[in-house]
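> What follows is the residue order along each chain.
Protein chains: 2
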Amino acid sequence: MRIGLYQFAPEFAKTEKNIRNITEAVKRSDADILVFPEMALSGYLFTSREEVRRAAVRPDGPWINGLREAADKQGCYVVIGLPELSDDGFYNSAVLIGPDGHVGTYRKVHLFYEEKSYFGAGNLGFPVFRIKGLSLGILICFDHMYPEAARCLALQGVEVICHPSNLVLPEYGQLTTRVRSIENRVFWILANRTGSEERGGKRLAYTGCSQITAPDGKILTQAGEKEEELLTVEIDPSSACDKRVTPLDDLFSDRRTDVYSRYLDTDVKCPDL
Amino acid sequence: MRIGLYQFAPEFAKTEKNIRNITEAVKRSDADILVFPEMALSGYLFTSREEVRRAAVRPDGPWINGLREAADKQGCYVVIGLPELSDDGFYNSAVLIGPDGHVGTYRKVHLFYEEKSYFGAGNLGFPVFRIKGLSLGILICFDHMYPEAARCLALQGVEVICHPSNLVLPEYGQLTTRVRSIENRVFWILANRTGSEERGGKRLAYTGCSQITAPDGKILTQAGEKEEELLTVEIDPSSACDKRVTPLDDLFSDRRTDVYSRYLDTDVKCPDL
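Protein chains in written order, with this note's numbering: chain A, 496 to 768; chain B, 496 to 768.
Honestly, the hints are just simulated from the structure, not real lab data. Predicted, not measured: the structure shown is a model, and the values here were computed from it. It cannot be assumed that every hint is accurate.
Since the list gives no way to pick one copy over another, a pair counts as held whenever it fits inside one copy or between any two copies.
[What the hints assert, rightly or not] Simulated crosslink set (DSS-like; lysine-lysine; CA at most 27 Å straight-line):
#1 Lys-568 to Lys-721
#2 Lys-627 to Lys-512
#3 Lys-611 to Lys-738
#4 Lys-512 to Lys-697
#5 Lys-697 to Lys-738
#6 Lys-509 to Lys-697
#7 Lys-509 to Lys-627
Construct the complete structure from the given sequences, taking the supplied hints into account.
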């Protein structure tokens, strides 16, 4: 099983060009699962809802045709971030596309900064997709900051977490996702973007350094800060099913839900907040 | 407000010598809160329950007298790991001692490896102690691996987490505790031990590198791998009350408990585990 990522700089509002770029990467890659950045189709720095409307696509729209063909030819699945058009508005989403087309969609649960003005908060939960004999989950960018997000996926048995990102806070995402790998014993594909965007008086610089980490926290591969890179590594997904840190310490069966539930099952118990 | 730690190598079964060492550190320090390693009174590598019985002390026993006097003179609070003797058995505990003596006890919730043979699992929850105008929580060593532990404390409003440790897995604790600081926006005092122990055919080497991290993940001070070190830093505890990463992103009020609760409120929903 080979898993990979494509780190690049999507161009704002140039959907067709970005899709061509993504499709070429699929054709060049030997990965079984290939992950692309957040908003890889559209670029990220929207400054109005009208811009979002112009860029948004349906997850199973005709735009996926060429990509589906490439996925079919390569026998691979791809995860791509995009602005989703739905009947009830827009979402910051990532879609899973395979040889047969659209498999499923994840809508970002923890929106970041001005995304809150443009997108609805994710309302599909943390879905798990079963492909090629493994279970896969998707998180998007800022979701990394909340340990609950990865935990919700890991407790459903995912071996791999795909993480399309547009990280702008230095170091945080690379650090937290490595720890999420360790604490959940899962593989983690952080596909970040590079470059910067300057629009409407605002500027964002993206941190690159995409990486894939193993259940023991080892960094299996890591991209540079600015380079466009297509990275792939060979993994044994079944190693993520073993939650033991030592023969006597299983991180999942040793969870003390009896204790957590006194504090975490409701927010009412936190008077200071 | 000054917070600190004392990294050293407690000697196995030499309780009086270790207490002298600890008391001297309290006298030398200018910290308001000073944290010592796990099992700082006794050493760690027990090979029988009988050895635990010989080393175990009551949290408010006469052994604290000299220490309380030093704490009183310095106007400080100390957190010290020890094998606790209680009416219903032994616990891997840490006590908080101040100018007036014993303030409270935390019993390790997530026991590691052969501790499970010698100690009862923590049954006092995750208590919060209010001293010097701030709220403080305690975790012990392997608790760091479970994001729920720090979360339970942070949601109760602690600004500082004291973390007596005897870390043996390279890098893990130093990485995870930095991320716990970031995701909970709290100060974290990781007081690890140094040296190694060899007893009954077993050997453990401790990783040192104690550190204090800030709510933004900055490492404020860090000890070496092998050195005995007394470290202190000046902090503003109130900075841990602000959970915002940006003006629009409050890590606590933005938690999506409506989504987490579908997955985390019970273990029944995880058929694979």
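> Each hint: holds or not?
Against the structure, the hints:
{"no.": "1", "hint": "Lys-568 to Lys-721", "result": "neither (30 Å within a copy, 55 Å between copies)"}
{"no.": "2", "hint": "Lys-627 to Lys-512", "result": "neither (30 Å within a copy, 60 Å between copies)"}
{"no.": "3", "hint": "Lys-611 to Lys-738", "result": "between (36 Å within a copy, 17 Å between copies)"}
{"no.": "4", "hint": "Lys-512 to Lys-697", "result": "within (23 Å within a copy, 61 Å between copies)"}
{"no.": "5", "hint": "Lys-697 to Lys-738", "result": "between (44 Å within a copy, 24 Å between copies)"}
{"no.": "6", "hint": "Lys-509 to Lys-697", "result": "within (19 Å within a copy, 62 Å between copies)"}
{"no.": "7", "hint": "Lys-509 to Lys-627", "result": "neither (32 Å within a copy, 57 Å between copies)"}
Consistency note: the structure conflicts with the earlier hints numbered 1, 2 and 7.
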